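Participant: Working from the sequences, and respecting the hints, build out all of it.
2 protein chains.
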Amino acid sequence: MQITNDVTKLFSITYPIIQAGMVWAAGWRLAAAVSNCGGLGLIGSGSMKPELHREHIQKCRAATQKPFGVNIPLLREDAIELVRVAIEEKIPVVFSSAGNPETFVALLKQNGCTVVHVVSSVRQAEKAARVGCDAIVGEGVEAGGHNGRDEITTLCLIPQLVDAVKIPVIAAGGIADGRQIAAAFCLGARGVQIGTRFAATIESSAHEQYKQVVAAAQDSGTVLAFRKLALVRMLKNDFALRAVKAEAEGWDEPQLEELLGKKRERAGIFEGDDAEGEMEAGQSSGLIKDILPVADVFKKLIQEYAAAKSLLM
Amino acid sequence: MQITNDVTKLFSITYPIIQAGMVWAAGWRLAAAVSNCGGLGLIGSGSMKPELHREHIQKCRAATQKPFGVNIPLLREDAIELVRVAIEEKIPVVFSSAGNPETFVALLKQNGCTVVHVVSSVRQAEKAARVGCDAIVGEGVEAGGHNGRDEITTLCLIPQLVDAVKIPVIAAGGIADGRQIAAAFCLGARGVQIGTRFAATIESSAHEQYKQVVAAAQDSGTVLAFRKLALVRMLKNDFALRAVKAEAEGWDEPQLEELLGKKRERAGIFEGDDAEGEMEAGQSSGLIKDILPVADVFKKLIQEYAAAKSLLM
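Chains as they are written, first to last, in our numbering: chain A, 457 to 769; chain B, 457 to 769.
None of these hints come from the bench; they were simulated from the model.
Computed from a predicted model, the values in this text were never measured in an experiment.
For glycine and all other residues, C-beta sits at the position ideal for the given N, C-alpha and C.
Below, computed lysine-lysine pairings styled on PhoX-like, alpha-carbon distance capped at 25 Å: (1) K583(B) with K745(A); (2) K684(B) with K701(A); (3) K692(B) with K684(A); (4) K692(B) with K583(A); (5) K756(A) with K765(B).
Taking beta-carbon pairs under 10 Å as the criterion, some of the chain B residues facing chain A (in silico): (6) D606; (7) T609; (8) Q616; (9) G630; (10) A632; (11) S676; (12) R683; (13) K684; (14) G706; (15) W707.
Quick list of the computed label-pair ranges, beta carbon to beta carbon: (16) R586(B) with V700(A): 25 to 31 Å; (17) Q665(B) with A704(A): 30 to 36 Å; (18) Q521(A) with E705(B): 55 to 61 Å; (19) K565(A) with D619(B): 42 to 48 Å; (20) K701(B) with E507(A): 44 to 50 Å.
Facilitator: So this is what it looks like as structure tokens:
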């Protein structure tokens with residue numbers, strides 16, 4: 457896979473493969489390993505307080521000479537503090553998700569950052585382009601964690617985004633192997649963002665039990681729930697199945713908030729509570745059979761991509 | 457697009473493009489037009505009584521020299537009668553959906569039919585292969601109409617089916633343009649089945665108003681509903697939004713059955729009731745901007761496929 461395109465140039469990377477900045481899984485070790493392989497590693501700032509965020513950035517910088525970035529969920533009350541840390545630490549690339557990109561894009565760009573916003577619909581993509589983002593991630597409903605309310609799949613979303621905006625589109629949601637990377641490029645994406653496959657690597661900071669559950673999951677291993685709060689995709693476990701049942705029974709927002717409680721993501725992903733934790737993962741889990749070092753994942757992705765390409769006549 | 461592969465050979469067709477046998481939209485005119493363009497046209501037997509089914513087959517045969525098939529939903533009480541008509545009329549290819557393929561596969565194959573079953577999970581695919589189907593359609597949750605309960609998307613489903621079975625996999629769900637055909641081939645599919653794009657052609661027997669609503673739909677234009685009865689994807693209208701609200705409120709099966717009532721598909725697709733009809737359509741509706749003759753759709757698909765191929769480096 458030798459690809460020089462808008463996305464590799466924008467981030468000064470070798471392969472247009474971006475590792476999603478996932479909460480609790482994407483610490484400095486994972487981001488540095490991905491950047492060292494020629495992709496773009498992202499620190500998942502969403503599960504970090506500002507000072508821990510700074511620590512991860514500094515450790516990542518010590519572990520790689522290559523560019524890396526951070527992913528900041530803009531809905532967080534202290535998002536501005538995470539943004540300030542990124543600027544002070546001279547992070548070259550900031551991915552923003554879950555919120556209004558307009559809030560911080562000017563500030564980030566004044567400070568030399570490349571800004572990429574995660575979107576799940578054409579309307580959001582047009583807004584991100586209008587307010588000055590350099591690229592977008594189009595994330596289909598296959599993705600683990602929080603998803604857009606329109607539940608548009610990657611296969612349908614990406615070509616519509618490519619038709620709607622002139623900035624590069626990076627495909628995300630459900631991508632765990634090289635066949636899917638080739639597919640995303642056919643749809644017009646210029647890069648891919650991969651989450652769950654990297655969450656189930658040796659270098660991921662997710663709990664070993666979380667990684668094992670991902671590797672054991674079948675095609676039907678995840679569910680969507682909490683449409684009335686914030687739609688989330690997670691692995692099926694006791695908690696997830698209770699949430700699906702509650703939704704089918706018509707529970708209202710306060711009841712669902714009580715069921716959800718607090719710190720479920722931490723419990724599921726970081727502490728490995730495979731019964732009661734919220735184990736966010738993509739529908740790609742069914743394609744993931746093993747827990748590998750990041751370098752081996754890269755090798756596989758590149759081999760699979762080359763084989764997939766040769767299927768087109 | 458010059459493709460000779462397992463799928464073109466299996467059906468004796470020029471392009472590995474199959475038109476879905478959709479209820480109320482896929483009559484003899486549509487199937488004949490698709491087969492005349494070098495794809496495989498399918499008559500949608502699901503909305504026909506046995507004698508009407510026979511009439512459509514005979515008219516289709518008069519309108520094309522090329523092979524065509526029928527799609528029979530096996531859950532229908534009188535499915536055996538539709539199967540008998542297909543055998544008597546020497547239909548070379550039968551697609552079966554919504555039911556157990558084991559019921560009729562031996563009978564069909566004894567009578568020289570090629571049998572293809574529509575599946576939405578790895579488990580269903582393995583069963584279809586085991587009972588002797590010649591190929592499968594893997595249909596992602598993007599698809600219009602009835603969908604599998606696991607809600608697996610095309611991007612995630614197809615590579616898992618390709619890994620699981622040795623018979624050819626045809627990708628369906630969300631495909632309306634040539635970029636997506638190229639993507640499906642990268643995933644390992646050997647053909648595609650396209651529904652909504654063909655439902656919105658001149659030759660489709662769907663009502664003009666249905667076609668107009670498809671062509672006007674945006675990326676978020678469809679919803680899934682009736683998970684407690686039989687999951688269905690349809691265009692958003694008064695009826696569809698009432699169904700989504702009822703589901704969120706936790707209505708039970710008898711209440712939902714009353715809301716659904718009878719003959720909603722006919723009203724939506726065939727009679728053009730764009731407020732109260734069930735206007736089944738795929739998430740690909742957002743990609744469809746015009747109502748075209750089938751020959752023009754084929755031209756576009758083939759041009760878009762060639763352009764998408766050239767994006768892979």
